[in-house]
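Engineer: Chain by chain, the residues run as shown.
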Amino acid sequence: MFAVRELSLDIAAGEFVSLLGPSGSGKTTVLTMVAGFDAPSVGRIVIGGRDVTRLAPNHRNIGMVFQKYALFPHLTIRQNIAFPLKMRGKSQKAATSRRVDEMLELIQLSGYAERYPNQLSGGQQQRVAVARALAFEPPVLLMDEPLGALDKKLREVMQFEIKRLQERLGVTVVYVTHDQDEALTMSDRVAIMCNGRLMQCGTPAELYRQPSSEFVADFIGRMNFIDGDCLDSKGGKTIVRLSEGSVLNLRSVGNDRDCRCAPGKALRVAIRPERIRLVRRGQGGAEAFPGVVDASVFVGSTYIVVVRLADRPEASLHVQIAADGFIPFQRNDNVDVLLDEEAVHVFPLVERCAA
Amino acid sequence: MTNFISRSRSHRLSFRRLSSYSARFYSLSTSIVLATPLIAALAIGFLYPVLKLFALSFSGGTLAYYRRIVAEPLHLAVLTGTVQVALVVTVASLLLGFPVAYLMARLSKGPATVVAACVFIPLWTSVLIRSYAWVTLLQRNGIINELLIDTGVTDGPLKLIYTQSAVILAMTHVLMPFMILPIYSALRALPADYVRAARNLGAGSLRAFVAVTLPLSLPGVFAGSVMCFVLALGFYITPALVGGPGSMLMATLIGQQTTVLLDWPFAAALSTVLLAVTLLFVLLFRRTLSLSKGLNSVY
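Going line by line, the protein sequences match chains R and X.
According to our numbering, the stretch in the first sequence is residues 1 to 355, in order.
According to our numbering, the stretch in the second sequence is residues 1001 to 1299, in order.
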């Protein structure tokens, strides 16, 4: 049994990288190995050119914010933040005290120094945990789902706060989360993990636009999948048959199709809901697929219209349409479905990663 | 269609002036009813006899029996000796018990069960049997003396039993589970992240223990210490079996007064003094615990 397998990741100084994945994907294990609580059976961990693989956790000089903060309940906020400074024993009492005041000011909790952790709200405790982890100026900060215990509103405020601190202090952050919105909004790069493997690492936009695997395509944002067969593939041109009567002609782009498609191979076609257009039946032209509206749901800024393809009723597509104040389509309307070719991804049909 | 609508109406769920007691607590009247048998049992089984005893110690309307305790140096010596033995037993239980509790809390499941069995099986065995076990171990021609003579450590048998040390040894053994269990539960309740956080912030394993694990286990240490100390103050069977005349404790002295000398009022006076001393120490312990504000906020 492996918790993590063959994971390689280079993180630049000052970068904010998130490890994102479903629970059990090994992201926390990676973090505990970097922190030194677990030893990898194979491989190396290097920080700033120094191999720390066999180094005790207290010699690694890495800050860490724990999921439930792990503030010492028997120490005041001041003592908690001073703890790493005291352990290092370098700075004098006055210097330590000054540093604690600085950190408290940074997290805007100056008046709370003499309180105990349980006298603070969840969000305040979270900020203290960050301050404690940064008090000794570590070059690297690890965060293990630090916002998981907070409610949604507070989480958004804290995301902003953490990002502000990180940019101000220039610290490298490795952030573990299972919340994709959190990962996408905060990170410079996101590493997506599944079953202990690194699936893809890239900027949020890259992951959204060019998912390299079906798992990533499905995990990040909403995605429609339709199974089909490859009829022909050469010179960047691919023809996919979705059903007897409907053939998808892909001229170029999307993901790297050539190597994935061989004639006769089963495929899975993927497209985002906002890259599909719906028009009244007969207005779509030759490229369009006929469909029937199954449901139309108002979700605030947009409508989600669920469409079934006329000759493949088991395949339903979610289409996102801007809400302009009128209901665009209603149940049982006949429509033509237009796929934005540049946004179509094709993946080989294999067993999916259990999510 | 109409049928469907009428059906859905009849299943309508509505809330009007909804209010509720907390589901976690019984109402006051239920609580009183449920607590009554316990209060009655306490009153009949404890308060009444204790008060009776208290009254008995003043029989004749004088403080004569208390004067006798103070006047006779032997009685005071027994009292201070009892407190001393109880303190030594408590400290010894703590020093020996803490590592055991720590091991139980930290070992993986299988070995932890073995350690737990070593703690629990003696606890489930009668105190009388365990005290007699110490007699067979410590007596003149007991196992320990035989071993010492066979290995040539000593020529003749040592006087091991009927000494103060024997009393302390046996009492520590009997009372140690009462120290181990509260410490164990305090350590088990401690999230592993505290130690990890301390290590991460630069503490070595020893410093992490001293700065985090130890202070956070103090409530368990206090609970165990109070239990051990209070039980040791009134311990009867073990000191009676392995102790000698020179190592008499309060309980033995009181027993002597009631069964041999049949001096009930004096026994009552001695009991009252022992009870007062016990209460005094319990209050002292509690006071010490409540002084540390951080700990108060944890538990």
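Since the hints were made in silico from the structure, they are not lab data.
Each hint should be verified, as a subset may be incorrect.
[What the hints assert, rightly or not] Derived CB-CB ranges, DEER-like:
hint, chain 1, residue 1, chain 2, residue 2, range
1, X, 1041, R, 118, 29 to 39 Å
2, X, 1234, R, 179, 54 to 64 Å
3, X, 1034, R, 156, 45 to 55 Å
4, R, 181, X, 1282, 33 to 43 Å
[To be verified] Computed footprint of chain R on chain X; a stretch qualifies when at least three of its residues, placed anywhere within it, have a C-beta under 8 Å from a C-beta of chain R:
hint, segment
5, 1134-1148
6, 1160-1167
7, 1211-1225
Just so you know, even glycine gets a beta-carbon here, dropped at the ideal spot from N, CA and C.
Engineer: Taking the hints in turn, state whether each one holds.
Structural biologist: To see whether the hints hold, each was checked on the structure:
1. 1041(X) / 118(R): 29 to 39 Å: holds (37 Å)
2. 1234(X) / 179(R): 54 to 64 Å: holds (58 Å)
3. 1034(X) / 156(R): 45 to 55 Å: Since residue 1034(X) and residue 156(R) have Cβ atoms about 47 Å apart, the given range 45 to 55 Å holds.
4. 181(R) / 1282(X): 33 to 43 Å: About 55 Å separates the Cβ atoms of residue 181(R) and residue 1282(X), which means 33 to 43 Å is violated.
5. 1134-1148: Coverage by chain R is violated for the segment 1134-1148 of chain X (0 residues, Cβ < 8 Å).
6. 1160-1167: That given contact is violated, which follows from only 0 residues of the segment 1160-1167 of chain X lying within Cβ reach (below 8 Å) of chain R.
7. 1211-1225: Satisfied; 4 residues make the cut.
Checked against the numbered hints given earlier, this structure breaks hints 4, 5 and 6; the rest are met.
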